[in-house]
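**Q** Residue numbers (the working numbering), protein chains in the order written: chain A, 1 to 357; chain B, 1 to 357; chain C, 1 to 357; chain D, 1 to 357.
Among the clues, some could well be false.
[To be verified] Distance windows between CB atoms, simulated:
#1 B:E71 with D:D251: 56 to 64 Å
#2 B:G72 with C:D95: 16 to 24 Å
#3 D:A313 with A:T267: 46 to 54 Å
#4 C:E175 with D:D95: 17 to 25 Å
[Said to hold, decoys possible] Derived pair list, reagent style EDC-like, types lysine to aspartate or glutamate, alpha-carbon separation capped at 20 Å:
#5 B:K73 with C:E185
#6 D:K73 with A:E175
#7 B:K274 with B:E259
#8 C:K52 with C:E185
#9 D:K19 with A:D98
#10 A:K322 with A:D311
#11 A:K47 with A:D35
#12 C:K266 with D:E168
#13 A:K266 with B:E316
#14 D:K97 with D:E306
#15 D:K19 with A:D311
#16 C:K144 with C:D251
#17 A:K305 with A:E289
#18 B:K266 with A:E175
#19 A:K266 with B:D311
No wet-lab data here; the hints were simulated from the structure. Only a predicted model underlies this, so the values are computations on that prediction, with no experimental measurement involved. All C-beta atoms in this analysis are idealised placements derived from N, C-alpha and C, irrespective of residue type, glycine included.
4 protein chains.
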Amino acid sequence: MNSFGQIFRLTSFGESHGKAIGGIIDGCPAGLEIDLDFIQNELNRRKPGQSKITTQRDESDQVEFLSGIFEGKTQGTPIAFQIRNKDQHSSDYNDLKDVFRPSHADYTYIQKYGTRDHRGGGRSSARETIARVVAGAVAKLLLKRVGVSIQAYVSRVGEIQLGKPYTELDLSQTESNIVRCPDVETANRMIARIEEAGRNHDTVGGVVTGVIQGVPAGWGEPVFNKLHADMGFAMLGINAVKGFEYGSGFDGTRLSGSEHNDVFIKTETGVRTKTNHSGGIQGGISNGEDIYFNVAFKPIATLLKEQNTVDRAENEVTINPKGRHDPCVLPRAVPIVESMAAIVLADHYLLNRINQL
Amino acid sequence: MNSFGQIFRLTSFGESHGKAIGGIIDGCPAGLEIDLDFIQNELNRRKPGQSKITTQRDESDQVEFLSGIFEGKTQGTPIAFQIRNKDQHSSDYNDLKDVFRPSHADYTYIQKYGTRDHRGGGRSSARETIARVVAGAVAKLLLKRVGVSIQAYVSRVGEIQLGKPYTELDLSQTESNIVRCPDVETANRMIARIEEAGRNHDTVGGVVTGVIQGVPAGWGEPVFNKLHADMGFAMLGINAVKGFEYGSGFDGTRLSGSEHNDVFIKTETGVRTKTNHSGGIQGGISNGEDIYFNVAFKPIATLLKEQNTVDRAENEVTINPKGRHDPCVLPRAVPIVESMAAIVLADHYLLNRINQL
Amino acid sequence: MNSFGQIFRLTSFGESHGKAIGGIIDGCPAGLEIDLDFIQNELNRRKPGQSKITTQRDESDQVEFLSGIFEGKTQGTPIAFQIRNKDQHSSDYNDLKDVFRPSHADYTYIQKYGTRDHRGGGRSSARETIARVVAGAVAKLLLKRVGVSIQAYVSRVGEIQLGKPYTELDLSQTESNIVRCPDVETANRMIARIEEAGRNHDTVGGVVTGVIQGVPAGWGEPVFNKLHADMGFAMLGINAVKGFEYGSGFDGTRLSGSEHNDVFIKTETGVRTKTNHSGGIQGGISNGEDIYFNVAFKPIATLLKEQNTVDRAENEVTINPKGRHDPCVLPRAVPIVESMAAIVLADHYLLNRINQL
Amino acid sequence: MNSFGQIFRLTSFGESHGKAIGGIIDGCPAGLEIDLDFIQNELNRRKPGQSKITTQRDESDQVEFLSGIFEGKTQGTPIAFQIRNKDQHSSDYNDLKDVFRPSHADYTYIQKYGTRDHRGGGRSSARETIARVVAGAVAKLLLKRVGVSIQAYVSRVGEIQLGKPYTELDLSQTESNIVRCPDVETANRMIARIEEAGRNHDTVGGVVTGVIQGVPAGWGEPVFNKLHADMGFAMLGINAVKGFEYGSGFDGTRLSGSEHNDVFIKTETGVRTKTNHSGGIQGGISNGEDIYFNVAFKPIATLLKEQNTVDRAENEVTINPKGRHDPCVLPRAVPIVESMAAIVLADHYLLNRINQL
């Protein structure tokens, strides 16, 4: 289904080559100042054609708000927005109308719905994430008021791993390079790796790390809507994501309990933990420490090279797509990861208002 | 919040040392035969005291159904059930009333709710998963009718890794040993590792792998309720889980697209894929191949040794818990993982009934 | 489905002759003192056998709370409760197993579910409202803290109409008589009317009026969850209800706009309205004036006299039910109406916490 | 909140003088042919300026679909649409910016949200029902495939009552006159009554009756989402509605049970009821008979005459609105009532797919 969130709730619409992508944000409190430049800038961080390592498609992706904002502020009413689709070379896809591209959603959409808009992936296109970035930008504005910051960066491309934890990085450097890795030396190696993939008409995957600071203790709704469960749900709903881990994650399972436990200590600013294997969440509720997590992105399925497959009539066919596609989704995934994290947190911020008398 | 699922929907209740744990299953179709022995047996797979490597607490955990079943069949009405709590040494916890145990939910519950039932972890206790196992057992009965099987097993304990993929294992052997690893040799090493942890008054984490077979193409509800996103949400909501990956997962992000793509082929039984890095899900919808995933469990936070912490008055204190606790959650987590997977699938089975005219 | 409310949310379970009726209340804030005597007393107002004009079945209906309350206070965790069914003369219903009683749910349940628990109406029995009264009592305790009172009374039985608006009545007299009409003279005529129906082995319908005082301006969630829309939804979900109107209701549609409009005036206690045709709700949001509404209850379908009907095999048959049944549902409906109103208001009280920054 | 329906789900957006009114329909099955002319025609039935007894504002209200439809058919993906607002004399409302118009939502919106878009009523304007009519038209197309028809008509204007039940009327005549009453003689009297109100700068209320035919037995989801409870919820959410009754309604409460019960009979087309006081719904589930109901609309609050009130600073002021407003909402309410009924039924049609194995 196409709604996300309990209170701060995005409903998303749009196909890649339809008239528009957009959505409705319900449940945003009234009185929030909407900084349109900030929102457009967030969209620009996601858009294609922004650098030599992303697709050269030119999608300007201008957001138009249709409701919910009056005299620059939210009204407590639903905030609708659209981004018209342009630059659609829909006919590029004619040859693919009845073909099941490997590791795409062509086959499963046909099986589920009996029909599909084949142009540019239709609803299954990552172009849909535009709606998430707009809603995420609004959520960021809401969270900023309560001191919460959300930052993501590329921590691995293929085998090129950023070897330091976020605590040893200067996250303000993330936007200083086109791959969005805050360590310049690693960033350059990642860029080279992506360019290599592009030259090979191939693609490469990797990992985005998210870091959230300023969340007070108390956000999260056990037993099912634990903060990290909603966060993982949000991340796994992003196109191409294959895994999610938070805090110590998969590696932490190799530690013994005595190594893994985060001992509580008394500090000048109150109760804190000495270590943070918990990733800022205990029992599904934030404990005031930093929240951090990793999101795994598979290599993009669209290859600009020959591949065998079958078509809807079950004939064996060979495809060799043309066009302008990303060799690596990671750099453009950074604002999407941040946006979904922001929506989750905005929702939990509001949900937490009801827990005490 | 305490409900899970859109249509096949579990609402769970109960604290560890309250009167009962239980739940209500809404949305189960009418006419399903309820095999009470099967359900009780699933609960027995989860219960404490079942082997030398689990806690020796004796909790018999008898389920009583209160509604929704008549003459052995579901009625389309809500199915309520309870498991009364017994053998509660609540006074064991008196010393911990105002103490924040490291990496437990004590601190965050107090921060969120201003109060908590400290006895045995209260609502944050894994004892709550009893409700999930009962609902999961009902879901399994529903899914069995449509040919879906769900099997989980322990694939890693600490550093002891089961080195084979599920396709090279005989999953019928999972229940042949107390650690629930289908490879006997590895199982023995895992058991030794858990016993070692127990001797050290320490704990150890690991990984549970889930395998689902028989799901037809078409289950999953993009764009947010992708089948793997709901599956990850379900797993991350289980106590002690720190990560989730499906199909090729985190490792798959190291492959190039040409290595990772699953080529469609024509077979006697219709369209299939040659490889299955997709883990049976493409674009968030099942494609008819096996679904498989990994779930990371941290080492249990309760250690039977001295630890430093602070209490509610922010005094520094030392705790040294007594009692009967698991040194490793993995063996008992297997039926819980299966149960949550079953609930997710039952829900998507029903949701998929509405997609076509 | 069997859940009611967005935040303060009741999930109800139970069949008339099953093991228990009960429910789970999710979303009640932590820290609320639970007055068990008050809750049991609310249940007693609903129970059969409380007077000569209600059924003489003796159902003691003792509530047992299973979770969510610790040391007398709510914990922010789900509050589960059950009321065990007793005094079940299930065999009384054997003759009715395959018969469709006129204006009951026998036929429609079979058509919908293909099966039904025929004993005492099964899930369609008004005995299910026990769950609502318990949840409503908890909601009343929550609302009392913010100064909201909820009172209902019987304003018509058959043709016997209480001729005064609530503003001219002493609502503290409602419980002074067995029909729950605050005007003693009218009450006596109503009682006589119900006794007459009983003597005729017939039944009689009527109207319950609800009055809510102390709701501040601002509760209600347009455009769909208008306060009166949720209130009407709640009332129409009660067994035997055929209509709902609030404020000026159906009669108000006969007025002209200039007669009907509630003029705003300035008073010592702030902005008020001169009249209250709006029934305390404007644009779906409370305006601080009293909320009042009427609920129409049909005459109960169970008659202790011969009636023609057909059975499941489409044979024409004659039924002549025995047993102990109410000749009029109205007196016992009063606490049910209050309870559903309380649940709606508790929900909106909490929802309204999110509307402003 | 701004979403309606469980499966077939409309999320609505837009303020009266904002950029657009619109919505997203989620959960419509794939493969439904979309007749755009039919949908536009439904909108035209709702639009202002269509006759001498409605407002003379000229709002062309052209719907544009943005997603979810490909090659003329639904895709199972969200169907977004917008209707751009035109002809906005926003400055007409400058004088009313800080004034609380009697029986409007001005005061309550300010109390709830701390802000409001005052132009033309903002979000509280009945212009929002455009979104409902579009979604209702899609729902009608879906229901038509399964033989369900939905018809509404004006049955009372002020005191002018249509004296016959729907069974004695030719509903195909509803659209033959501008007041949408199928009895021509009564229609003429209603038109005269509305013209009289207009001449007096006053307004008049009334009743719309809805009739639904062709619903098979089995739709409706007890215990809370009874078919008539969802129907009443839908109707009470329409602007200016003060009451809802179905079947025998308020009047039926005057009957004795033996008069009111609908006896089952055997017919050539299966089990039917002899009478239909139940209004086609028993126990909250359709029984195959016609569903019929009444909806009470208050007289419109906007009067083109002088009225006293107060403003935001609590000054006593006099207002005397100018502009083009309806003297009676009833004729234009007919398609809105039908639309909400259609959305409710489409939702229950889909929900009912999950009740049996």
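**Q** For every hint, state whether the structure bears it out.
**A** Now for the hints, and whether the structure bears them out:
1. E71 (chain B) and D251 (chain D) have their C-beta atoms about 41 Å apart, which leaves the hinted 56 to 64 Å range violated.
2. G72 (chain B) and D95 (chain C) have their C-beta atoms about 22 Å apart, which keeps the hinted 16 to 24 Å range intact.
3. Checked against the given bound of 46 to 54 Å, the beta carbons of A313 (chain D) and T267 (chain A), roughly 49 Å apart, stay inside it.
4. In this structure the hint that E175 (chain C) and D95 (chain D) lie 17 to 25 Å apart at CB is violated, the actual value being about 51 Å.
5. As the CA atoms of K73 (chain B) and E185 (chain C) are separated by approximately 52 Å, the hinted pair breaks the 20 Å bound.
6. Our distance criterion of 20 Å between C-alpha atoms is broken by K73 (chain D) and E175 (chain A), whose separation comes to about 43 Å.
7. For the proposed pair K274 (chain B) and E259 (chain B), the alpha carbon gap of about 12 Å is at most 20 Å, so the pair holds.
8. The suggested pairing of K52 (chain C) with E185 (chain C) holds, with an alpha-carbon distance near 18 Å, which does not exceed 20 Å.
9. For the suggested pair K19 (chain D) and D98 (chain A), the alpha carbons sit about 39 Å apart, so the restraint of at most 20 Å is broken.
10. As the CA atoms of K322 (chain A) and D311 (chain A) are separated by approximately 18 Å, the hinted pair is consistent with the 20 Å bound.
11. Between K47 (chain A) and D35 (chain A) the alpha-carbon distance is near 19 Å, which keeps this suggested pair within the 20 Å criterion.
12. At most 20 Å may separate the alpha-carbon atoms for a hinted pair to count; K266 (chain C) and E168 (chain D) exceed this at roughly 51 Å.
13. Between K266 (chain A) and E316 (chain B), the direct Cα distance comes to roughly 7 Å. Compliance with the 20 Å bound is thereby established for this hinted pair.
14. A hinted pair counts as satisfied when its Cα atoms are at most 20 Å apart, and K97 (chain D) with E306 (chain D) qualifies at roughly 17 Å.
15. Between K19 (chain D) and D311 (chain A) the alpha-carbon distance is near 44 Å, which puts this suggested pair outside the 20 Å criterion.
16. Proposed proximity of K144 (chain C) and D251 (chain C) is contradicted: the alpha carbons are some 32 Å apart, above 20 Å.
17. A C-alpha spacing of about 46 Å is found between K305 (chain A) and E289 (chain A), which places the hinted pair above 20 Å, so the restraint is violated.
18. Among the hinted pairs, K266 (chain B) with E175 (chain A) is inconsistent with the structure: their alpha-carbon atoms are about 46 Å apart, more than 20 Å.
19. A threshold of 20 Å between alpha carbons decides the hint, and for K266 (chain A) with D311 (chain B) the separation of about 9 Å falls inside it, so the pair holds.
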